[in-house]
Amino acid sequence: MATKTKAPRLEKTTGDTGDILVKGARTHNLKNVTVSFPRNKLIVVTGVSGSGKSSLTIDTLFAEGQRRYAESLSAYARQFMARMVKPDVDYIKGLCPAIAIEQKVITRTPRSTVGSMTEIYDYLRLLFARAGKTISPVSGKEVKKDDVADVMSAIQQMPHGTKVVIIVPFKQHAKRDAREELNILLQKGFTRMYLREAPAGNGESASEIARIEELLELPDKELKKKTGGGSTSAYVLVDRIVAKEFDEDDIHRLSDSIGTAFYEGEGEMNVEVDNKKMLHFSNKFELDGIVFEEPVPNLFSFNNPYGACPTCEGFSQVLGIDADLVIPDKRLSVYEGAVAPWKGEKLGWWREQFVKSAGKSGFPIHKPVIDLTREQYKQLWEGAGNAQGINDFFKEVEQNLYKVQYRVLLSRYRGRTNCPDCEGYRLRKEALYVKVAGKHIGELCELPVRDLKTWFDKLQLSEHDKQVAKRILIEVHQRLQTLIDVGLGYLTLNRLANSLSGGESQRIQLTRSLGSNLTNSLYILDEPSIGLHSRDTVRLIGVLKSLRDLGNTVVVVEHDEMMMREADYIIDMGPLASHLGGEVVAMGNYDEIVADKDSLTGKYLTGKLSIDAPKHVRKWTRSIKVENARQNNLKDITVEFPLNTLCVVSGVSGSGKTTLIKQILVPALQKLKGEFSEKVGLHKNISGDIDYISQVEMVDQNPIGKSSRSNPVTYIKAYDAIRELYAKQNLAKTRGFQPKHFSFNVDGGRCDTCKGEGEQIVEMQFLADVHLTCESCGGKRFKEEVLEVHYKNKSVFDVLDMSVDEAIEFFADEKQIRNAIQPLQDVGLGYIKLGQSSDTLSGGEAQRVKLASFLGKGKGIGHMLFVFDEPTTGLHFHDIKKLLASFNALIEQGHSLIVIEHNTDVIKSADWIIDLGPEAGDAGGTLVYAGVPAGLKKVKESYTGKFL
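Using the UniProt record's numbering, the letters of the sequence shown map in sequence onto residues 1 to 948.
If you're looking for bench data, these hints aren't it; they were derived computationally from the structure.
This one's a predicted model, so the numbers in the text were calculated from it and none came from an experiment.
Where is the CB? At the ideal position from N, CA and C, for every residue including glycine.
Just to be clear, a hint being listed does not mean it is correct.
Stated by the list, open to error - Label pairs and their computed distance ranges (CB to CB): (1) Leu325 / Ile690: 23 to 31 Å; (2) Asn730 / Asn589: 57 to 65 Å; (3) Asp150 / Arg130: 15 to 23 Å; (4) Ser112 / Ile861: 37 to 45 Å; (5) Tyr69 / Glu446: 38 to 46 Å.
Could you build the full structure based on these sequences and the hints that come with them?
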C-alpha cells in the first residue's frame with residue numbers, strides 16, 4: 001500500500017543534510033513506511049495507541065542501531081547475534097549510535113539506589129575521599145597525619161637563628177638490652193644520642209649530645225641510667241639545623257632527615273626548638289587512642305566489602321525486632337496499651353512498671369506514640385529513669401528462648417528493621433566519621449535532591465579542597481540540576497531504585513545520559529512525560545532541548561500537547577490503530593500538523609475534535625474519610641473520597657498523592673476487608689461507608705502475569721472458550737485432542753523445545769540476553785499436528801496472532817468469545833494481539849488489560865472501589881476518550897473510581913477533585929482543594945488549576 005508521504009519534500013530533506021532516512025519499514029503493522037528524521041532536532045512521533053509509533057522508533061530504528069553495534073563485536077559474541085532478527089526494512093541511511101531510554105524499572109537489585117543510578121553517589125564518594133575530614137567521635141577533633149611537608153613548613157616558619165634538633169625517641173625492643181640497641185644504631189649510621197633532662201621551672205631543659213661510641217664504653221649501670229633511667233629521656237639524634245632562608249640543598253637535606261626520622265621512629269618523631277619547646281609529629285592516622293581508616297573511595301561504597309556495614313552487608317536492613325509490629329497502632333498511648341507484647345497477666349507487668357516509673361521521671365504516658373518527640377520515643381525503647389523499655393523486654397525474651405512460648409512470642413515480632421549498627425546508612429562506622437562541612441555521606445543521601453543542591457550551592461571549602469574538588473563539584477551540580485529539571489527534586493539519593501515508577505526510572509536514566517555528554521547520538525525516549533504534572537513537563541522539555549543542543553537527535557514517542565508545540569519536527573502515525581494504522585499521516589512542524597486535514601492529532605490540537613467535560617457532575621451521598629494522614633510528607637490532612645463517582649487525585653509529582661492512596665487508603669481498606677495488605681501508613685482513622693464496598697482493587701501498571709507466556713487473552717479468561725472451540729473441530733476429535741492440547745501452559749500440544757514460549761533465550765555474559773525464535777516450531781509455540789486443526793481456515797496460532805479488532809470480526813458467530821474479547825476493544829486496546837506476550841505490553845497497556853477484565857465481569861462482583869494510577873499513560877487524545885467511556889461504564893455498573901492523574905482532560909471530566917500540594921516533598925502534603933472541577937481554577941495556590 002502506498003504511503004501518504006509527499007516524495008518531493010522527502011527528497012529535499014534527505015539531500016545533503018545527512019538526515020536519518022528509513023526506507024520501506026514493515027515491522028509489525030507498518031505499511032512499507034518511508035520517513036526521514038531530521039538530524040540534531042527534537043522530533044516527536046505521535047499517533048493513536050497501536051498506530052506503529054514504537055514499531056517505527058524502538059523496533060526499527062533502535063533495533064537496527066543495536067544490530068549494527070553487535071556486528072562490531074568479537075566473533076564469539078557475534079555467533080549468538082547471527083540469529084538476531086534484522087528489522088523488516090529496506091534500508092536505513094545516516095543512522096548514528098542509538099540509545100533507547102524505555103519505561104522499564106531496569107533494576108531488580110535491592111542495592112541499587114537513585115544515587116548509584118545517576119552516578120552522583122560515585123562522585124560523592126570521590127569528594128569525601130579527597131576533601132573529607134575525619135572527625136574523632138571521642139573528642140570531636142579532626143584526625144590528621146603529619147607528613148614530611150608538614151614538618152618542613154613548621155621549621156621554615158620559625159624565626160631566623162632558631163636552633164632546631166630533629167630527634168626520635170630511643171626505643172628498646174624486647175629481648176635486647178641498651179648496649180645491643182646502640183650497636184644496631186651504629187650499624188645503621190647514627191653516631192649521636194640526645195639526652196634530655198626533664199624541663200626546669202623556667203621551661204628550659206638541660207640536654208647533652210653524647211657520642212654513641214663513648215656511651216658504649218660506660219659500665220652497664222651507668223649506661224642504663226643515661227639511656228632512659230630516672231629523669232633522663234634518651235633520643236636518637238637525626239639532624240641539627242639553624243633556621244634561616246633555606247636554599248635547595250638545605251631543603252633536600254632536611255627532607256631526607258625528616259623522612260629518616262619518621263622511618264626510625266616507626267611513624268613518630270620530635271623536633272626540639274631552642275632547648276625549650278618539643279614539637280611532636282606522627283604520620284599515623286590516629287587520635288584519642290583510635291586508629292582511623294584513611295578515606296579512600298571504596299570506604300564509602302556499600303557495594304564493596306571494604307566499605308559496607310559488616311552487620312547488614314550494605315543492605316541497610318537486618319532481621320530484628322520490627323517496631324511496626326511491636327507498636328502496630330501509633331495512635332494509642334503507652335497507658336492505653338500501644339506496646340502490643342505488653343499484654344496479659346504475666347507480660348502486662350512490663351506495661352505497669354513502665355507506666356509507674358517512667359511517669360514519675362516525666363515521660364508522657366497518656367500521649368499517643370505518634371506524637372512523642374524523638375527523645376521520648378527513644379526512652380520508650382531504651383528505658384526512662386528506673387523504667388525498663390522495650391529493648392530490655394526483648395533481652396529477657398531472648399534469655400528464655402529455651403521455652404517454646406518465648407520462641408513463638410519472639411517470632412511474632414520479628415521483621416525487617418533498620419540495621420542497629422549503621423542506622424540504615426549501609427556503611428561501616430569508620431566511613432561515617434568522615435565529614436564535609438559537618439555532614440557525613442549518609443546524611444547527604446537522606447536529603448531530597450532539591451535540598452542537597454541548596455547545600456552544595458552554599459558549601460564553603462578551603463582553597464586546597466576547592467582545587468581538589470573542582471571537577472567533582474561540577475559533575476555533581478550538573479546532575480543534581482538535571483534531576484530537578486526532570487521533576488525529580490523530591491527524591492533522595494538513598495531511595496531504592498526498585499521502588500521507583502516507570503516514569504521516574506526513565507527520567508533518572510535521562511539524567512545519566514545527559515551527564516555522560518554524548519554527542520552525535522540518536523536518543524529514543526518512550527513517553528518521558530509520564531507521571532509528570534504539566535508544570536514539570538515544561539522543565540523536561542528544556543532538558544530534552546539541551547540534549548539536542550549537545551548535537552544529538554532526540555526522538556520522543558509522546559502524546560503531550562506541550563511537547564508537540566515545542567518540538568522541531570512532528571511525525572504523526574495512523575490514521576488508526578493496528579491494521580488500520582501503520583502509515584505516516586502527516587509530518588512537519590506544529591503548524592503543518594495542525595493544518596493537515598488527515599491528521600487526527602491535528603484535529604485534537606485545533607479543537608475540531610475534543611474531549612468535552614461532562615454536562616452534569618454526579619452528586620454523591622456515600623463516602624470514605626481518611627482522618628489525620630501523616631505518612632511521609634503528608635501534613636496531618638483529613639480527606640473525604642466520594643463513592644459512585646469519578647474522583648481524581650491531582651497535584652505535582654511528589655506532592656503526596658501516592659502516599660495518600662497507595663500507602664494509606666488502599667492498604668487500610670484491604671486490611672478492614674480482611675485481605676492481605678502492605679504496611680498501612682500513619683493516619684488516625686478511616687470512617688464512612690466502608691461496608692458498602694465489596695472489595696478494593698488497585699489497578700496499577702505492573703505487568704499482567706509473571707511468566708512470559710501470560711498474555712491478554714488468557715488474562716481476560718477468553719482463551720478457555722477458544723480452546724474448547726478448537727477441540728470441537730472434526731480433525732481434533734479424530735486425533736483425540738482435548739482443550740488442554742491447545743494450551744501452551746501444559747505439556748501435550750505445545751512445542752517441547754521451547755515449552756510454548758515461541759523463543760529461546762541465550763544468556764550473554766556481558767550483554768543483555770538475546771531472545772531467539774525457537775527453531776523447532778518456528779515461533780509458533782505448538783506441535784505441527786495441533787496447528788493442522790483449523791477453524792475458518794485459521795489455526796490456533798493464527799488466532800493468537802490476530803489483533804483484538806480482527807478477532808472480534810473473526811469470531812462474529814461465537815457470541816461467548818466475542819463478548820469476552822469486546823472489553824479489550826472498549827478500553828482502546830483493539831490493536832494489541834491476543835497472544836502478545838505480557839512482557840511486551842507497556843505499563844499503560846497492562847493496566848488497561850486489567851480494566852478490561854473487570855469490565856467483562858459486569859455487575860456480578862458487588863460494589864467495587866477501583867484505584868487507578870495514571871491510566872492515561874501511553875494514550876492519545878482519541879484513546880483517552882475511549883478510556884473515559886470505560887470509566888463511566890464501570891460507574892454505571894455501580895462501582896466507584898479513584899484516579900491518580902495529571903492529564904487535564906481526565907481532571908476536567910471528574911466529578912470530584914482532590915488536589916494536593918502545593919509543591920513537592922516537604923513543601924507539599926497539604927490539601928489544596930477538594931470539590932468539583934469548576935472550583936479548582938479559582939484556587940491561586942494550585943498548579944493544577946493554572947493548567948486547567
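A quick look at each hint next to the structure:
no., hint, result
1, Leu325 / Ile690: 23 to 31 Å, "holds, 24 Å"
2, Asn730 / Asn589: 57 to 65 Å, "holds, 60 Å"
3, Asp150 / Arg130: 15 to 23 Å, "holds, 18 Å"
4, Ser112 / Ile861: 37 to 45 Å, "holds, 39 Å"
5, Tyr69 / Glu446: 38 to 46 Å, "holds, 39 Å"
Violation of the numbered hints given earlier is absent; every hint is satisfied by the structure.
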